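Trainee: With chain A's structure known, arrange chain B on it following the hints.
Chains A and B, in that order, are what the protein sequence lines are. Every letter in the first sequence is one number past the one before it in the numbering used here, and letter 422, counting from 1, is 422. Every letter in the second sequence is one number past the one before it in the numbering used here, and letter 336, counting from 1, is 336.
Treat the hints loosely; a few may be bogus.
Pairs count within a copy or across copies, as identical chains cannot be separated in the list.
As the list claims (entries may be wrong) - Cut-off 27 Å, straight-line C-alpha distance, at most; resulting in silico cross-link-like pairs (DSSO-like, lysine-lysine):
(1) Lys163 <-> Lys427
(2) Lys28 <-> Lys408
(3) Lys257 <-> Lys127
(4) Lys370 <-> Lys126
(5) Lys163 <-> Lys196
(6) Lys127 <-> Lys408
(7) Lys253 <-> Lys77
(8) Lys131 <-> Lys92
(9) Lys77 <-> Lys26
(10) Lys6 <-> Lys253
(11) Lys282 <-> Lys99
(12) Lys432 <-> Lys322
(13) Lys92 <-> Lys195
(14) Lys131 <-> Lys370
(15) Lys252 <-> Lys77
(16) Lys126 <-> Lys92
(17) Lys196 <-> Lys253
(18) Lys252 <-> Lys284
(19) Lys432 <-> Lys284
(20) Lys322 <-> Lys284
(21) Lys92 <-> Lys127
(22) Lys127 <-> Lys432
(23) Lys252 <-> Lys6
(24) Lys26 <-> Lys400
(25) Lys126 <-> Lys26
(26) Lys77 <-> Lys284
(27) Lys163 <-> Lys432
(28) Lys77 <-> Lys6
Simulated from the structure, these hints should not be mistaken for laboratory data. Fair warning: this is a prediction, and the values are worked out from it, not measured in the lab.
Number of protein chains: 2
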Amino acid sequence: MDIPYKIYLNEDEMPRAWYNLRADMKNKPAPLLNPATHEPMTASELAPVFCEELIAQELDNDTAYFPIPDEVFNFYKMYRPSPLVRAYCLEKELGTPAKIYYKFEGNNTSGSHKLNSAIAQAYYAKKQGLKGVTTETGAGQWGTALSMACAYLGLDCRVYMVKVSYEQKPFRREVMRTYGATVTPSPSMSTEIGKKILSEHPGTTGSLGCAISEAVEAATTTEGYRYVLGSVLNQVLLHQSIIGLETEAALKKYGIKPDIIIGCAGGGSNLGGLIAPFMRDKIKGVADYRIIAVEPASCPSFTRGVYAYDFCDTGKVCPLAKMYTLGSGFIPAPNHAGGLRYHGMSSTLSQLYDDGLMEAISVPQTEVFKAAERFARVEGILPAPESSHAIKAAIDEAEKCRETGEEKTIVFGLTGTGYFDMVAYEKFHDGKMDDYIPTDEDLAVGLSQLPKI
Amino acid sequence: MDIPYKIYLNEDEMPRAWYNLRADMKNKPAPLLNPATHEPMTASELAPVFCEELIAQELDNDTAYFPIPDEVFNFYKMYRPSPLVRAYCLEKELGTPAKIYYKFEGNNTSGSHKLNSAIAQAYYAKKQGLKGVTTETGAGQWGTALSMACAYLGLDCRVYMVKVSYEQKPFRREVMRTYGATVTPSPSMSTEIGKKILSEHPGTTGSLGCAISEAVEAATTTEGYRYVLGSVLNQVLLHQSIIGLETEAALKKYGIKPDIIIGCAGGGSNLGGLIAPFMRDKIKGVADYRIIAVEPASCPSFTRGVYAYDFCDTGKVCPLAKMYTLGSGFIPAPNHAGGLRYHGMSSTLSQLYDDGLMEAISVPQTEVFKAAERFARVEGILPAPESSHAIKAAIDEAEKCRETGEEKTIVFGLTGTGYFDMVAYEKFHDGKMDDYIPTDEDLAVGLSQLPKI
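Here chain A stands alone, though its shape is the one from the complex (with noise of 0.2 Å):
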């Protein structure tokens, strides 16, 4: 049977229900805990901060499935399935006999997987009855996201961007305050801990973990609002599994098995998706896959960090998560994969690394942005910077399949698209992109600051 470009499935044929792979895991996952007992966090500790369903999903480690709510599902026929695309001219580029596959989550306005998420959330606190929903957001991909998904289901929707991102990409503002969200460069006058940053710093530009701080403020003290967030928990992994689902499905639908699946790892949420079904059918033993998670080499959670309990923000007012961590008081160097610089990494994916079922490697980024414009010049698409992580993994995989011989099926994860991120590749055109690696004098650091659980 000839594979065509891109292999779309009918609607008819899409996941009705998110997969929960904490379902088929044999080492669950560790629970959160309270930063003040060291107890478990429990459904009604977490009541003023997130939705009640979201609870449920972050906290649910037996339900293997969850139905899609049909409003949900109606907004992903509006962007999805999105397409698992042969890689035919980058095979070609590279002469290799491996075949080639990437799951392409960039077709929508927010630009990346992230509207799968978002909607999900967005769709159960409506349900709940609420004004509104609060978040941060640092680079704006999420922060778009959560903007569609609100103005889709009339609710509305306040983010607070970190500071300099809010100055520096003016675009991504434009776009969210296009799908009527409230942006708040951060930290902000608008709440207590924005007032006291600003007093203590002031002329700062703001942080991710500020803007946390702001955003779960704002939700907690304001009626009618709750926090929601775009990666590393587990309910983000439930609802990214319709990425994995999906190319599930459309492997089986041409009797394609892959060898190895790859996705940029940074919080987990896109990884944690797409590997789901894979994973799941690698504990249960009936399929074997290499699975990789690709990081930065200057943020490189898995492959440089430990497997602790840690604050998931720099201001340590969230639970603290079991988690492969550099330590929340670690500062990545600026890099321009912005979704992929944060400190530690899903508890999930977590648990599953450190059992040994997947890989993990870390990438410099001018590596990454080479192989991102290789990319772009055979496949037409013009890769994030955090996609393109995996995309140089896959190129180096391929090319092993050119030494050997083999005709290994490779599937990767390409989350998103750089339109707005071309500020990067202009200094990667220019020679002017570093490729900071920390050393490990930097990790001590923040690996010194380790809750002592």
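Mentor: Below, chain B alone, put in the same frame as chain A:
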């Protein structure tokens, strides 16, 4: 039969030939004239500027179908077929009994339909053994598309970008550089005409007319290069017929019969492509449709221009074309739909309009952005300002149906995305957008300068 949100053709249902509407037109479009002799341009006169096979396509009013070369078809498969989307959410938002469909051409890195002709023109240049091509770009969509096509084929690409855009749209420039194009701000010191303009007007920020002149000079004075163009020409409409042919096939697949077909109109490339097969049936009397061209009120060539021979460029170096025109000396007011700011209109569409086979309306800018934002919030896609002219007209027609209760089927062309147009959206959000409409006295200036044929 339930109609899905997105109708995708399978690869084997994709059109294998472009359709040349001129073959079925009773009144053929008037020929290009030599500006010196006022005689029809011959193939040999055009050969120093254009590629041979493209000249043949340009001059052919008889051949109805041109097979799409395999290499072009393979490239099409990377981003086509484009979806025909049922705008269920927009229909619900409007409370209309009308059924609304849009053909979405924005799901590729150029962000628009321009890629359809770029790959065809680059292919014929490569086939002729040329080293490269030159072109001009204003807003940057065409330059991006041509860069992508040339990168794929290994052809050199030299883009003259209007200096003001080069400076104000650095991201567009970087996308082109990512695809390996040389981007030169125009006017430049690299051509004689550029030097002349710079000496006469030091500090000028350039114009499309000047960039065209530089690109043509560069092509005709460099061994192994030709000039290519993204709109207006017959050959471009031929390649863009893929839009209409796919739309026709997708509608037939579900037994849908349109009543109204709407497209935005600048030089005519998108509109001419979208309507091609429908206009064929209308000419042959086997179907009837209302076909509506939508242009900006600031540059109303159909609605307030005259049908006459005119220069295609402000530099008056190109052949004369008979078209609806505001005069090559007409300077459109600053308008954020850069792709629609052309003083003239495709000769083919001009003849059809003159024959009463299509309608035209003009719409003011702020109304267009209101429609764009309303569309984005319910349909998810952030539209380009150009495309939003068609959205505005489609919404108006659907609202008429709400009043009359008629269940009309409306199809419009959504030519591209607005990711690189956020400055325009920002002005709209901040209430700083103007709606300048030329007075009759303004128009008289351009119309007084028409050549006397």
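Trainee: Looking back at the hints listed earlier, which ones does the structure fail to meet?
Mentor: As far as the earlier hints go, 2, 3, 6, 9, 12, 13, 17, 19, 22, 24, 25, 26 are violated by this structure, in ascending order.
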